[in-house]
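Work out the full structure: start from the sequences and follow the hints.
So the protein sequences, as listed, match chains A and B. The first sequence begins at 1 in the working numbering and counts up one residue at a time. The second sequence begins at 1 in the working numbering and counts up one residue at a time.
Since the hints were made in silico from the structure, they are not lab data. Note that beta-carbon positions come from the ideal geometry of N, C-alpha and C, so glycine has one too. Honestly, I wouldn't trust all of these hints.
Said to hold, decoys possible - Okay, the calculated bits of chain B under chain A, using three or more residues with CB under 8 Å as the criterion:
| id | segment |
| --- | --- |
| 1 | 45 to 52 |
| 2 | 73 to 84 |
| 3 | 105 to 113 |
| 4 | 260 to 270 |
| 5 | 387 to 393 |
| 6 | 414 to 426 |
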Amino acid sequence: MTGTAAHSILAESDPGEPMTTAERALRMAHTRAAGAEVEVTVRHGTEALTRFARSFIHQNVAQETNSISVRLALDGRSAAARLDGRPDDEALARLIDGALEAARVRPLDPDWPGIAPPAEAPDVDHWDEPTALASPDDRARLVGDFVAAGDGLETAGACATAGLSIAFANSAGQRLTGRMTSASLDGICRAPGSDGSGREAGVSLGSIDGRAIGERAAMKARSAMDPTELGPGRYEVLLEPQCVANMLHFLFVYGFNGLVAEEGRSFVRLGETQFDPAITLRDDVTERQTVGVAFDAEGTPKVPLDVIHAGVTSAILHTRRTAAKAGTQSTGHATADAWEPGAVPANIVIEPGDRSPERLIEGVGRGLLVTDFWYTRILDPRTQVVTGLTRNGVWLIEDGRIVRPVSNLRFTQSFSAALAPGAVRGVGSERPLIYGGGDGAALVPALHLAAWNFTGGARG
Amino acid sequence: MYDQATAAVEAALAAGARYADARVMHIRTESMAARNGVVETLDRNERAGVGVRALIGSSWGFFAVPDLGSAASRRAGEQAVIVARASATIPGQPLDLAPQPPASGSWSSECREDPWAVPLAEKSELLEGVTRTIRDHGADIAEASHRVWDTRKWLVSSEGSRVDQHIIECGAAMNATAVGELETQRRSYPGIRGQFGTRGWELVRELDLPGNAARIAEEARALLLAPECPSLDSTDLVLGSEQMALQIHESVGHAVELDRILGWEAAFAGTSWLDLAQMGSLRFGSDLMNISADATLPGALGSFGFDDEGTPAHPVDIVRQGTWVGVLSGRDSAALVGIPSGGAVRADGFDRMPMVRMTNVGLLPGQDSLESMIAATDDGILMDTNRSWSIDDKRLNFQFGCEIGWQIKGGKLGQLLRNPTYTGISPRFWGSMDMLGGPAEWTFWGTPNCGKGQPMQVGHTGHPAVPARFRGIRVGVRG
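Below, the structure is given as structure tokens:
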């Protein structure tokens with residue numbers, strides 16, 4: 001990969017080491033309010049995304065990122081502020097003064113948990129230098145490979161790269177630095193009446209094979225052509241990894257989240273066998289294939305955490321606030337987004353099974369192979385009932401063989417019930433990394449589930 | 001700030017762009033959230049930088065820097081051209097932007113009470129007070145929040161446009177959750193997302209959160225004991241205006257985005273069931289259905305003076321007496337189909353490329369009222385306040401849930417119903433609309449969280465709406 005252009009961007013705009021900026025902000029805050037509890041997070045780097053549709057690049061963006069987030073508390077009165085911009089002295093002073101002003105006049109927060117004590121984070125470095133320096137031409141080449149693999153089919157998708165350095169410092173003496181790169185290519189090929197998808201993600205752009213992903217998407221699109229309607233009902237399903245990652249979002253936000261557990265809204269019961277014994281799941285930033293840094297937005301180290309062990313619920317995720325209320329320790333799952341409700345995982349890992357994709361299909365009596373879920377929304381958080389649709393290829397399987405493509409279907413299904421004891425008939429051996437937006441990434445296999453409630457065809 | 005934007009455009013032209021524009025944006029935000037009588041978060045953020053768009057051949061490049069210095073602006077212009085040249089290695093069809101006379105001028109939203117001048121103590125007192133009231137009246141969890149966005153932006157284009165705008169957006173939300181043995185029930189006010197507009201703090205005062213706190217708590221508690229919405233293949237459905245705003249947003253607004261129709265969002269947000277060859281003749285709904293996209297409505301959340309390409313705000317007819325007649329567009333998408341720009345291109349910050357976004361996509365009022373609809377319904381269900389929303393990637397098949405429902409029997413409201421949902425196919429659904437609320441019920445709902453694009457952008461859209469009645473609708477879909 002070449003990286004000359006992007007490298008020059010980094011060199012010219014580097015405002016100094018992120019930790020240097022964080023320390024500067026801490027000193028500035030101490031000068032203004034010596035007794036304040038203060039935490040500072042600095043993020044610096046580049047992010048870029050090359051988007052294509054109708055087989056041409058139609059949007060192509062890149063940006064330098066430089067943000068400083070400050071959260072402080074004066075005698076239990078807390079406030080936060082963030083600056084996306086140049087961290088010169090004037091801007092930093094405005095940032096800190098604004099947060100101090102807000103903290104001084106706001107009411108006491110009786111649940112303020114205090115700031116994180118010094119603690120070491122796991123030694124991870126999910127970083128690939130060529131990816132951090134990837135140029136627009138590098139991304140365009142990968143897109144070109146995908147488009148070519150479509151072999152005449154219309155294509156669409158996006159290739160993204162990012163390289164970020166992150167520093168955390170607080171007035172309790174906690175100092176943590178980390179860096180991360182990420183890369184992904186996610187696209188579809190479009191045949192008449194059907195789409196097929198392919199995707200890869202990871203730390204390194206160089207490990208992504210645009211042609212292979214495009215060929216997979218094209219194969220799916222072609223084999224999904226001329227779908228027939230299938231009536232509503234309960235079917236076995238073979239869910240590909242994107243679907244499984246989608247399910248996990250709801251299980252975590254509305255289940256394993258310390259906030260909803262504390263408020264009595266969660267289905268999760270520690271120590272009980274709530275899932276099939278085939279499911280073992282943990283949050284683990286040390287996993288080689290995942291992305292991210294080894295600490296959360298509050299400076300708590302992300303120690304690997306078993307969440308489900310052989311079907312038994314073994315942990316609830318916490319931020320410092322939810323942990324204090326529950327009388328336990330933060331598990332390192334606070335996010336930078338003030339509107340994110342509670343504790344959210346960033347590095348979910350499901351233990352793989354022993355079934356190849358072919359063996360998974362062979363295990364299905366009569367059911368559906370589903371590529372992707374789309375527009376899933378929770379109907380009832382407590383029972384985990386979610387509605388959504390299938391997308392990018394659905395096939396009917398009978399007696400272990402794919403017999404025909406079917407049109408997209410709407411489902412209304414309890415996700416927790418779908419994974420209940422006895423409900424998981426097979427776990428895939430392959431385990432790709434699936435990005436989940438703000439939720440981070442998940443290393444998840446395909447799952448063969450005993451029953452899924454489809455409520456109608458997408459065309460009514 | 002015009003100097004920085006000009007420097008960026010000049011640098012892009014010098015590097016070979018045949019067109020370039022630059023937006024300097026400075027956005028200040030404030031958000032406060034209270035839970036169960038305690039303010040838990042108070043955030044004040046600031047974003048400042050310049051984003052440059054450059055055109056090489058038919059290919060766009062965009063680059064943004066979080067820096068307002070002239071050197072950084074020039075660098076952004078040069079880099080935008082480098083990105084555009086990479087785009088040009090896989091080009092689309094030839095493109096000339098839809099003609100638009102160079103724009104110049106300033107525009108500010110109306111703001112009667114500066115939200116920054118309202119003391120934080122007063123704001124926190126409001127949110128803590130209503131969450132205490134909600135708890136005192138039977139809810140297990142009470143949440144309330146307010147948000148303020150203060151956006152200044154300066155646009156310069158290589159065609160001579162120079163536009164600056166100052167937009168203040170403001171609003172608030174609260175909700176009550178009752179936790180039962182097997183499920184939870186929630187009531188929100190004024191809507192699931194609150195209510196927001198291009199207005200000052202006067203909007204928050206008008207909402208009268210304290211006057212509604214006890215009611216939503218009592219309704220949430222009552223819903224736990226209410227019977228479930230029946231499963232019916234066909235019934236008459238009356239929707240309140242808040243749910244109508246969601247219905248318009250999801251099943252009309254996104255469906256008429258020209259970038260979706262052209263396939264530019266195919267891999268992510270999806271496409272549209274609409275075929276451009278049928279624009280002007282396709283029946284989208286009943287004769288009562290008149291939808292416009294109007295960025296000039298005072299105080300509505302999707303209002304502005306100019307879009308982010310410098311096109312002056314103007315109303316665009318989308319559906320006229322049930323016939324699909326228009327789309328949401330920008331200069332590039334409009335040019336490809338031979339229409340003028342609809343002035344609907346916006347970015348959510350300096351670091352995002354402008355794209356087609358809804359403005360104020362709303363339903364023009366009819367002549368009925370919620371009261372007359374109920375009176376005219378012998379056997380049906382009234383639903384209001386959105387709770388869940390799911391729609392397919394062509395914006396055709398939807399299933400929406402509401403927080404609350406009531407049976408309608410013999411022209412009167414009856415039993416409270418919990419977990420009401422309904423489902424439909426967009427043109428059939430809109431085609432069944434036979435009653436529409438009047439001007440007195442016309443509400444400019446604001447949606448502050450419309451996600452679209454890669455990288456994701458969060459758009460602010462407006463949805464004027466009134467209650468409406470639909471015939472023969474499937475309700476009560478179960479899991």
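ask   = Which numbered hints does this structure break?
value = Structure breaks hint 3 only.
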